[in-house]
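Given chain A's structure and the hints, the job is docking chains B, C and D onto it.
Residue numbers (my numbering), protein chains in the order written: chain A, 206 to 560; chain B, 206 to 560; chain C, 206 to 560; chain D, 206 to 560.
In short, the hints are calculated from the structure, not lab data.
Keep in mind that a hint or two might mislead.
[What the hints assert, rightly or not] The list that follows gives simulated cross-link-like pairs (lysine-lysine, PhoX-like), each with its CA atoms no further than 20 Å apart:
#  : chain 1 : residue 1 : chain 2 : residue 2
1  : A       : K284      : B       : K297
2  : C       : K284      : D       : K297
3  : C       : K485      : B       : K228
4  : A       : K534      : A       : K485
5  : B       : K482      : C       : K228
6  : A       : K228      : D       : K485
7  : D       : K284      : C       : K297
8  : B       : K284      : A       : K284
9  : C       : K284      : D       : K284
10 : A       : K284      : B       : K285
11 : D       : K485      : A       : K442
There are 4 protein chains.
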Amino acid sequence: MKKKLMFLLVIITVTIAGFGQRKTVNMPDLPGYVTLKCDFHLHTVFSDGNVWPTVRIDEALRDGLDAIAITDHLEYLPKKDFIPVDHNAAWKITESYARERNLILVHGTEITRSMPPGHMNALFVQDASMLAVDSVWDAYEAAIKQGAFLLWNHPGWKSQQPDGIPRMYDIHYKLIKNGWLHGIEFYNDSDHYPRAMTFAKEHNLAVFANSDVHSVISERFAAPAFNHRPMTLVFAKARTHEALKEALFAGRTLAYFRDMIGGKEEYAKPFFYQCVKVGKPYYQNDKSIFFEVTNNSNIPFYLENGVPGAPATITLAANSSTRIVLSKKITTPLAYDVKNILTGEKEVLRVELKY
Amino acid sequence: MKKKLMFLLVIITVTIAGFGQRKTVNMPDLPGYVTLKCDFHLHTVFSDGNVWPTVRIDEALRDGLDAIAITDHLEYLPKKDFIPVDHNAAWKITESYARERNLILVHGTEITRSMPPGHMNALFVQDASMLAVDSVWDAYEAAIKQGAFLLWNHPGWKSQQPDGIPRMYDIHYKLIKNGWLHGIEFYNDSDHYPRAMTFAKEHNLAVFANSDVHSVISERFAAPAFNHRPMTLVFAKARTHEALKEALFAGRTLAYFRDMIGGKEEYAKPFFYQCVKVGKPYYQNDKSIFFEVTNNSNIPFYLENGVPGAPATITLAANSSTRIVLSKKITTPLAYDVKNILTGEKEVLRVELKY
Amino acid sequence: MKKKLMFLLVIITVTIAGFGQRKTVNMPDLPGYVTLKCDFHLHTVFSDGNVWPTVRIDEALRDGLDAIAITDHLEYLPKKDFIPVDHNAAWKITESYARERNLILVHGTEITRSMPPGHMNALFVQDASMLAVDSVWDAYEAAIKQGAFLLWNHPGWKSQQPDGIPRMYDIHYKLIKNGWLHGIEFYNDSDHYPRAMTFAKEHNLAVFANSDVHSVISERFAAPAFNHRPMTLVFAKARTHEALKEALFAGRTLAYFRDMIGGKEEYAKPFFYQCVKVGKPYYQNDKSIFFEVTNNSNIPFYLENGVPGAPATITLAANSSTRIVLSKKITTPLAYDVKNILTGEKEVLRVELKY
Amino acid sequence: MKKKLMFLLVIITVTIAGFGQRKTVNMPDLPGYVTLKCDFHLHTVFSDGNVWPTVRIDEALRDGLDAIAITDHLEYLPKKDFIPVDHNAAWKITESYARERNLILVHGTEITRSMPPGHMNALFVQDASMLAVDSVWDAYEAAIKQGAFLLWNHPGWKSQQPDGIPRMYDIHYKLIKNGWLHGIEFYNDSDHYPRAMTFAKEHNLAVFANSDVHSVISERFAAPAFNHRPMTLVFAKARTHEALKEALFAGRTLAYFRDMIGGKEEYAKPFFYQCVKVGKPYYQNDKSIFFEVTNNSNIPFYLENGVPGAPATITLAANSSTRIVLSKKITTPLAYDVKNILTGEKEVLRVELKY
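The shape of chain A in the complex, shown without the other chains (with noise of 0.2 Å):
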């Protein structure tokens, strides 16, 4: 039986292994740092997902990703009549796969409770089975043992905060103080926390989108209205996994989702003038002078608020260079704000063209 199978195991597996290529998504790098496209926040059969862990790999590589984690709950186990239970099984099943091809994964793991503390993903654990403990506290403080990142996901979903408005508890506080947590969710699947951004400028955490999916990503993001999938972007001295932890220790990322970018105005703002590019005027008569703007990014970004005499709004649509007349009647900084580069709570970035 064995030999007559062989001839069949050995084509499914070459079919397979044809699959490999990385769609290029445009995002700049900052200086002295890569971009890394990530998605920390990801399920499968092995808690209440609905694929083997390897499709989860197919999909980063198809969406240009060079990071992700999956994070299965340790406590949600739907599946267990028909999976045994093993903490580490996608673990065990994609760490080679995913260094073949030349994609990091991170080792992570849900730690599932209700709110608070709510949902956390820890993040570059060794062993997740030693954190399906019973006292949350203790499966906190056996990640951090492991030297993991602490992430709050959802912090505002609205089955455990039905107002959607993510609240600290004690918990959380305690967390802070204790230098416990890192990173809170800003974006989690089509879900979006304003307020997580308050948070993490007060408690200096790393700001995140993830997909957090259970299904398949290009089906549950394929609405013309998403664009893409939630990425995390993280600026990282290289493309390795140590630095990666290392950058997101240190709290470099940006949140991208539905064409919108969450973060700090230090990220933000260095990240937004490496994607556009003014152009040098190419024409001009009495009244105005005419020059292009160049986005060479794969996010559109929607200029308003603009200078008295200048145009009001501008569209600078993504990979794309737009075109702008202005009065030569124009003396003033040709200042904007960016509506879709959220650097607070009710805050958008101000940026200045230089032509």
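Same frame as chain A, now just chains B, C and D:
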């Protein structure tokens, strides 16, 4: 702990249950029969597929199917280190899930052997585990005892027939002599086996087009050239499990893939005339008469070898009316070959447009 | 020279004539009427549009329309340095072209004035040049003498009403008093005028959704959010020019754009019930009954404000069947607001699903 | 009356002027040259096209082109009953419109004759009306006197060469002898003339891919199989009208259509190596080394006829990195044919991947 998880569980269940829309696929019924859109060859994590069984139900609903069979391999179980062997697992997981969603679910499995005899689906089994025996003949016998329909899968699969051309071996003749072989795949995944039509006609087998999908349907058949997933059209007396079974054993099927229809003329011909209606002339001038031909199906029809004087070729786009301008000099019936309706290994359907 | 060009000419003519397919747009008929899909506001190079008139015919066929009117401006002719003024040119060029393609062509023109009275289409004219007179009232009178239908275009166009809200001036009341104003645009291009519905109901005007396109239809309405071009649905006794005219003067229309329907309840209500059919329950358990609601139209319907105990909201996707799982405790009729069927400035249609 | 229209006019002008974004088309520069994306064969309502000339500018911007020529027929003017003959009309209408939008506009026209000599574009003319003369040779001479570049259009057009194969007649040899023939279309609309490459190499002509569009670009090339409009890639010393002209007369072009590149090896080879970069190995095991090949262009490259032991075929998807798993046993250079870079009538480019 359990109590704390309760609220969480409720939310997740409700969200998943919210899904439930079946796209209308325009495939007219035949007089006396309803046309069921089906896929009888699907894999899940319970053999070498990459998705949980309920995904196959959700995909089928979204694609507008009426019936599917999940047919995990009996002999090829590469995930068994993580998922214990249970040949009926997919059935147990999906039986009520499908019923509540008005999808006809056929209990199936794939008997997976080298060629000869190759791979064979057993459909309408009671307990797939009874077929997991060493001797392939014993497996067939166990299937037949359960009332199964035996379907010869991808008979010219290049891994088993390097030239891609199906061949009948002794065991196939023996199956046919016993009345144990009932169907054959004309299309499987992206492959096409014209010779299968010859076998189907000689031995009175039902023809099939099945996806044999291991990954995600929407991704596997995303290429514009595919246009849709493979489907077996079954002409049943009613939209029920029993009527479906009766129709399959009676051989009332057409295979449908890549905008091609394959099958016996006795079904292909009336199917074409149900799809295509010729309108009355709406205008004429000295030289020509003008009328519209309406195609009420999702299948474009490519007509060629028109009679002299008529348009040499006509494309009847799917779900569209096509204008025909015909010379008044033409007196012969307006006959065409339908290039994409295959009624034999090298034959296409000849039709007449009566205006 | 001429002879040499002959062969060339023949080829080009034949190639263009080969085009001719009308997409089926699923819009059910009302009892006693056929539903004609129409666009009564289109521009070409003969005023300020950018395409040759035959392009409007080809676009209409491809989009599955039954009737159009080309309505070039009488007063605004920015291309007149290159194209001599001929207010009937588009009509002359397309009349036989449309007839040979089974498209109903309405002879129209746009009387283009400042507000008040704003822009007005005259439909069903005999000679548009008779309307090119100084006094706007004389222009209206000339139109009425030809038997024209007068349609008030974009009554709240921001270039003429900066707040976007339609207002009736003396001249509009005078037109109504004379029985000379017959219709009003509820949708124009991407604009929407809710107040137009109030005027339509008070003064018994037919409501319209027209594209007012100047560029290319497929490009202008390419954004996924539009989903389709604006259409005026006309409920006519037959698919003829005469029946169309009778239906318009009788006010039997609905406006359709961006998956919204706007119009009087007497047409909106039966139209909804022709689109949506409730199936018999296909399954039940202790707690719930299961049935499907089938939407046979291209328009998704968004139901909300369900009765207590029923699903609060239901989306009936276009050309799909939607599963409803209903608690057996519900005894009241299953009533919903249809969020995207507007029967007044602030009213939506209330419907019942009888299962 | 005039005053009343003023406000209206202002609005319409502003709206049209708002448009102005140029999509980035990823086509790397060659060392010392910028790669200009061009289309030198376009029609408008001023001959047998269906759009106003400014539409060709807007289309070019949206498609990311750097330069175009509008080339209306001199001899074939089917719209002359409505539009008076003016062979320079399109140029007058678009000259400043293009300049203000940073698009290089080439003044062109099409000398439209039976075969021989067939159709010929004159590019870089000063006054097209001087070419509207009876004798074709006189027309050529008038063009050359204006400094024109003569381009042989669709040399195997089936309306003029029923077998589709280009042939050189006496007049073509005479043109070449005089140094008056400078270029030839390798692709025209959806047609492809392999033999044109032979002529191009023998007689040192620049190769072109032009759309020859009469209708709307986005509709004509909407089919997924086309993927993009035809483009002539020109390697110019700068992005200016003068540099473009110099490059064309120097023959520095490649033809690009349907994901195929056609042209002389001296441009095709460095272009490939600018598009494709081989990364350093990122992983290796006992048997294999793993590296990525990054394709920074919009063109997928199909590699085949790999050396023994290497993958037989590799697809380098556009704007993607492709993983290569290579046996350590391979010691020969990694050479491939690039199936879709045509350097001769029957030759493809041979390349080496140096890892």
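To test your reading of the hints: which numbers does this structure violate? The structure conflicts with no hint, since it agrees with every one listed earlier.
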